[in-house]
Amino acid sequence: MKRILCLYLILSTYLWASDQVPAAPQTSPILIKNGILHTVSHGVLDGFDLLFEQGLITGIEKDIAPSSETEVIDARGKHVYPGLIAGTSALGLVEISAVRATLDYDEVGDITPEVRANVSYNPDSESIPVTRSNGVLFVNVAPRGGLIPGQSSLMMMDGWTWEDATFQHPTAMHINWPEMSLDLNPESEIPVSEQEENRRQRLRALDDLIDQARRYEISQRGEPTRLAHDLRMEAMIPYVNGKRPFFIHAQENRQIEAAVRWAQRQGVKIALVGGGDAGQLSALLKENQIPVIVEGTLKLPSRRNSNYSESYDLPARLYAAGVDFCISTDGSGFAAAQVRDLPNHAAMAAAFGLPLELALRSITLSAAEILGVGDRIGSLDVGKEASLFIASGDILEITSLVEQAYIHGTKTDMSDRHKSLYKKYQEKYRQLDRVEGK
Amino acid sequence: MKQPILLVILATVLSGQTGPPTDLMEVNPRVFVLQNAIVHAEPEQSISHASILIRDGLIEEVGTRINIPDDAVIIDMNGNHIYAGFIDAWVDLDPKDIQSSPRSHWIDVVHPEWVASDSYTHNDSTVKEWRELGFTQLHVGFNKGIFRGQSSLIDLDKAASITSSAVSQVLDFYTRPRGEDGYPEALLGTIAVMRQTLYDAEWYEKAVEIYSRHPNKNEQPEADLALATLSDARSQRTPFLFRTTHETAAQRAIDIAKEFDLKLWLIGSGYEYRRLPEITEAKPFIILPLNFPGKPDITPPYRADQYTTEQLKHWDMAPDNPQKLVNSGAEIALTSHGLEDLKQFRINLSLAIERGLSESAALAALTTTPAKHFGLDKTHGKIKSGYQANFVVVRGSYFDASNPVQSVWVRGNRYDVDLNSDLEFDGSWDFSLEKMQGKLTLSASPSQTSGNIKLDTTTITLNHLKLDGTRISWTADLPHSQKPGMIRFHGSWNKDILSGLAIYPDGQEHEWQASGHTARTVKAETSKASPSNLKVSFPEGAFGFQELPRQPASLFINDATVWTSSPQGIVKNCDLLIQKGKIKKIGQNLTPPKGAEVIEANGKHITPGLIDAHSHTAGASINEGSQSVTSEVRIQDVLDPDDISIYRELAGGLTTIQVLHGSANTIGGQNSVIKLRWGSDAHGLIMQQAPKGLKFALGENVKQSNWGDDNVTRYPQTRMGVEQVLRDAFIRAQDYKINMENYSKRPLWRKTLIPPRRDLELDPLVEVLEGSCRVHVHSYRQDEILMMLRVAEDFGFTVTNMEHVLEGYKVADEMARHGAGATTFSDWWAYKFEVYDAIPYNAVLMQKAGVLVSFKSDSDELARRLNLEAAKGIKYGGMTEIEAMNTVTINPAKQLKIDKWVGSLEEGKDADFVVWSHHPLSTQAVCEQTWVDGRPYFSLEKNAELLAQDKQIRLDIIQKILNTKDGDRPGPSPDPENHKYQRAYRDDQAWEGGAR
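Residue numbers (the working numbering), protein chains in the order written: chain A, 891 to 1328; chain B, 170 to 1165.
Chain A with its partners taken away, still in its complex shape (with noise of 0.2 Å):
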């Protein structure tokens, strides 16, 4: 009896005290077998295999055949996802927002283009397990603050370093549109024409600083006389070449028009970031075809006058003028703990008129492809990233469990620290039960 009761401690220590560990590289072929298989690219499969090797996806077919060193899961009944895919968030660049040792998303200056947010993402972020315990699996990392925050990339949920994490360097440079907007009140400090010439300085400095890019770019070819490296006019060139995409955080009409005013008369490659207003500017972003990174559905409405559901329907507004969408959560550094409840701004999105599959799309291969990886994630395709979750059912429903992730054909582990201290204290009332006799 006390050998068992031993025995159990030291398993249950090991249960609740242990951090998680990241997966070790996928070394023989796992088969889920009999899922539905929510494709993303080609509808939803029923009772389908899916086979993957050496992290990718190798095989979607009914009734593959396992080899003998197949890992074989049996899915009938289960829902098979490809990974979710947050737009914008600061996960891994933050811990506690209140504490602010813990903040490394903001750096000092408001021009920072050279900086990049995958070396500071912290790989231990307790914030990480629990992001993917519900599917989310991608999280595309980014500055903020200042007009040019700096560079996002695409973490992976998964890894022992920071460069293990990540999938994707750079997505994009981000840039937050200068605000737009002007205080009419009488009372205001800055009167009114003044506010609007600091717009339009605001506006002309980040004209002159593409201008700048592009005559550095010009004196370094060739055989400079002297030789006079800037990093922030280095990280800048890809961009104003169009190489590379500029995400633009707009919300208001007067920003998002600029915006998309700004990127064709800079011949710049641009999507935005938040887009509050874009769906009053469907036609301008449909036809200069600019997509959006909704910046979650879950947000009050922006003006006292507007409809109650002006969130929650943007990304159906979206959808129904033709411009391309994802759903993201938003990127503060509060929301950083909080990218696990993707689905279900996805989910309210649906609810008020987006179909349920585009829902679903919306945060997987629509984002992916605006990120510039949707030939390698966002969907369940031989070829692909076996970066996926079995799930208990519908990932749009906050009922449903997420129950085994893969990471590049990893076996993710799928405890975290909620669920460490849930067991944790299960057991002290299990030890109270047992003193009372229960």
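One thing to keep in mind: the hints can contain errors.
Pairs of lysine to aspartate or glutamate, EDC-like flavour, derived with a Cα cap of 16 Å [claimed, not checked]:
no. : chain 1 : residue 1 : chain 2 : residue 2
1   : A       : K1189     : B       : E1030
2   : B       : K553      : B       : E229
3   : A       : K952      : A       : D964
4   : A       : K968      : A       : E1293
5   : B       : K452      : B       : D430
6   : A       : K1309     : B       : D1006
7   : B       : K1017     : A       : D1323
8   : A       : K1318     : B       : D982
9   : B       : K553      : B       : D225
10  : A       : K923      : A       : E1293
11  : B       : K1001     : A       : E1016
12  : B       : K464      : B       : E509
13  : B       : K1017     : B       : E1052
14  : A       : K1314     : B       : D1006
15  : A       : K1314     : B       : D982
16  : B       : K1017     : A       : E1317
17  : A       : K1313     : B       : D1006
18  : A       : K1159     : A       : D1097
19  : B       : K623      : B       : D599
20  : B       : K547      : B       : E229
21  : A       : K1133     : A       : E1107
22  : A       : K952      : A       : D936
23  : A       : K1318     : B       : E983
24  : B       : K1120     : A       : E1200
25  : B       : K265      : B       : D287
Computed footprint of chain B on chain A; a stretch qualifies when at least three of its residues, placed anywhere within it, have a C-beta under 8 Å from a C-beta of chain B [stated by the list, open to error]:
no. : segment
26  : 983–996
27  : 1189–1199
28  : 1221–1229
29  : 1238–1245
30  : 1288–1302
31  : 1315–1322
The hints are simulated quantities; they were obtained by calculation from the structure and are not laboratory data.
Keep in mind the model is a prediction, meaning the values are calculated, not measured.
For each residue, glycine too, the CB sits at the ideal point set by N, CA and C.
Once you have looked at the hints, place chain B on chain A.
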């Protein structure tokens, strides 16, 4: 026929002079007869061709036939209008040169003893502006603090004579500017200070009285100027004047006046029309500014979007406010207060008159009404024998803003405002010079003069035209045979004829003449403004109701899946019969009574209206964080019924919420449980049956841990100190309770000893000790949770609810044993250090340990989808569907002790329910209808209708604005951002407090 006026030179006022003459005695007879005037003796009575006899500052006689005494100076008023001197019923004054006294009140913004007239001195330029508006008296008061001292009546004579120095006690819902420390800091505290100070004044009066009788048995009460002044004011029935900036503030003032039986005056806001019956019912005397908003800048469409609908509507409706008040029986006086440019006063007054305010009502509001309330109805406000000789002389009706005020008279002395002559050069004249004959046309407005001469077909413009008294001069290039050039004309008015000399370029002089004056016919301003065709909605702005939702006598819901949150569980194919706002019957296969309204609900799900046990929606002020114990403040005092979040939450199926004080201090303030009766006023929101509750807070917020390095001195800064603050407060409450009881039990003490002072801070703590006030404790960490339970146990009370309580799962057994409930976030964590151990399994662990658990929002956003928060109870730890639904219905109802009326669908309970499109724990569930008290407050159809209505109203107003002339109604635009409606804070971020 008009005559030049006699120039009367008035020397210094001598009447009442007490000092010796500095050189020679000056005698200045002050007997006048003003003849040939239209005298507006009273608002409803005007006399043409009337005369007024004035002697030594008083009116002796008024009428068409008066005896002119020999010593009178006769002044011809040339048909001008004479009104009784106007009273500007409010003028702000800076408290200057006021010495602070050691006997002042301990709160630096409480100064009822101040007297406005002590600080008043004339400023020549503003005196001139007031006189130009016809004012002869000012009602002045200070502009600083909560209790602002006593207002005074100052005359606009040379000496700034004081008619009355203590007219009213002035109060303001003042809050300190951001960054200024001190108690109180928020509207919550401001109102508590008003109430406590008024109670203190009552106590002080008694204390002084008992001391005077029993000086050997009592310590002499500490002298307090503030309390002494206030107790006098109350016993003399001095009016209490509250300054208001919006209609809700007026209602707050009315509440205080009722509580203390005060004679209520208000300085109006201009928004009274939005809650007209509620305000006029209390019969306050209202001092009304004419601060109509300027034209919103709506030409750039995106900029137009920045204005809320209520701002746009207010632009159109504000000028109707005076008329609406008067028509609903309110007594008003007008003031120039609130206008950036005083000249706007008459323009806005004319506009108010065009919108339907009668001229006699306007005149009364400038004369008799203020005179009556200021206690001057026997001496001021009328032109009547025995009254003060205070007049306004206007060249025409005062209510045509283009007629200038010629002079004002104060105490029988004349002050010229406009020295231009009364002569009307305006019009056309037959002109002749030598052989030339033509028409001379003159147009002379106060700002500009112009003219021309028409000879046959040519019209020659007059240059350098100048009118000065009876004299006129100009130059013109008339055709003449002499040397070419300008002819200079000058001349004067003499008996209907203008005549003088024309000096030719070569120096020759010829006589010119103009006669046969025909007055210019003034082109009537045709576009008379009619009252706004807009209707007030409740609340004002988008999504407000024109009429409150009706309550069907009988409502039948047919064939729904009903989540009862009662022992009945989920009943399929269930019917509900609702009568008079209550659930009459619930069950399968019921028959609808005749005439019942039927909702066909096949395929729909019905749940009880959701309940949010922790909210800050509808709180205009959240934290009085200046002190560690502020249990005296009450959310009910600061409810904002216009908060759009109320409507948005209804759209998510919420019907009842507990509005809590914030968590800035250990003992915050008293809560308010409200039903989301969108459209009602603050009183109507309150759920009267709910017992009292008090907010406590522990941990980082209370310790100011996340407030930056400047906030390290307020006690407590540790959880150790938090405990001691709690114990100290409850020990004080125990002592207070015993002292009060002992005093009331002993008749001899009551006769001879000064009573203990009523303390609004300790009253609710005593109620906690007695068990009649619920205890809600913001808490996170297990140590502080346990500490709170132990403190409560030591003092013999039970903690009703732990709020947030994110580590409740660690001590759930202790909570269950104590009997504390828990209302928690479903899955928030990691936003500050004390929530790093927060887990979404918290609710389930607590529930399994026997704690009554609910999910709450603490957020205007989250509150719109509590059904989905409930679903997380299933996800994290496996609650059953019924258990999950209970966490947002019957459980919070029990926690708030309102489960007798709400929280489940049971016979006899309030008909608060939601119709859902799907299974209510599914993300696909859309709230289709929300009913409160058997009234439909939200439905998808009604929402679409309100949305379309709002769009139309905005378009209409924008067109109306575009169709007004530039320069019409200039003035400041309203605050276009209206941040009031964009709050979305969490308790944890709500430490800024502040007021609307």
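Here is how each hint holds up against the structure:
no.: 1; hint: A:K1189 with B:E1030; verdict: 6 Å, holds
no.: 2; hint: B:K553 with B:E229; verdict: 8 Å, holds
no.: 3; hint: A:K952 with A:D964; verdict: 13 Å, holds
no.: 4; hint: A:K968 with A:E1293; verdict: 9 Å, holds
no.: 5; hint: B:K452 with B:D430; verdict: 13 Å, holds
no.: 6; hint: A:K1309 with B:D1006; verdict: 11 Å, holds
no.: 7; hint: B:K1017 with A:D1323; verdict: 12 Å, holds
no.: 8; hint: A:K1318 with B:D982; verdict: 10 Å, holds
no.: 9; hint: B:K553 with B:D225; verdict: 15 Å, holds
no.: 10; hint: A:K923 with A:E1293; verdict: 15 Å, holds
no.: 11; hint: B:K1001 with A:E1016; verdict: 14 Å, holds
no.: 12; hint: B:K464 with B:E509; verdict: 15 Å, holds
no.: 13; hint: B:K1017 with B:E1052; verdict: 11 Å, holds
no.: 14; hint: A:K1314 with B:D1006; verdict: 12 Å, holds
no.: 15; hint: A:K1314 with B:D982; verdict: 15 Å, holds
no.: 16; hint: B:K1017 with A:E1317; verdict: 13 Å, holds
no.: 17; hint: A:K1313 with B:D1006; verdict: 13 Å, holds
no.: 18; hint: A:K1159 with A:D1097; verdict: 15 Å, holds
no.: 19; hint: B:K623 with B:D599; verdict: 10 Å, holds
no.: 20; hint: B:K547 with B:E229; verdict: 14 Å, holds
no.: 21; hint: A:K1133 with A:E1107; verdict: 14 Å, holds
no.: 22; hint: A:K952 with A:D936; verdict: 9 Å, holds
no.: 23; hint: A:K1318 with B:E983; verdict: 12 Å, holds
no.: 24; hint: B:K1120 with A:E1200; verdict: 15 Å, holds
no.: 25; hint: B:K265 with B:D287; verdict: 9 Å, holds
no.: 26; hint: 983–996; verdict: holds (count 5)
no.: 27; hint: 1189–1199; verdict: holds (count 9)
no.: 28; hint: 1221–1229; verdict: holds (count 4)
no.: 29; hint: 1238–1245; verdict: holds (count 4)
no.: 30; hint: 1288–1302; verdict: holds (count 4)
no.: 31; hint: 1315–1322; verdict: holds (count 5)
In summary, this structure violates none of the numbered hints.
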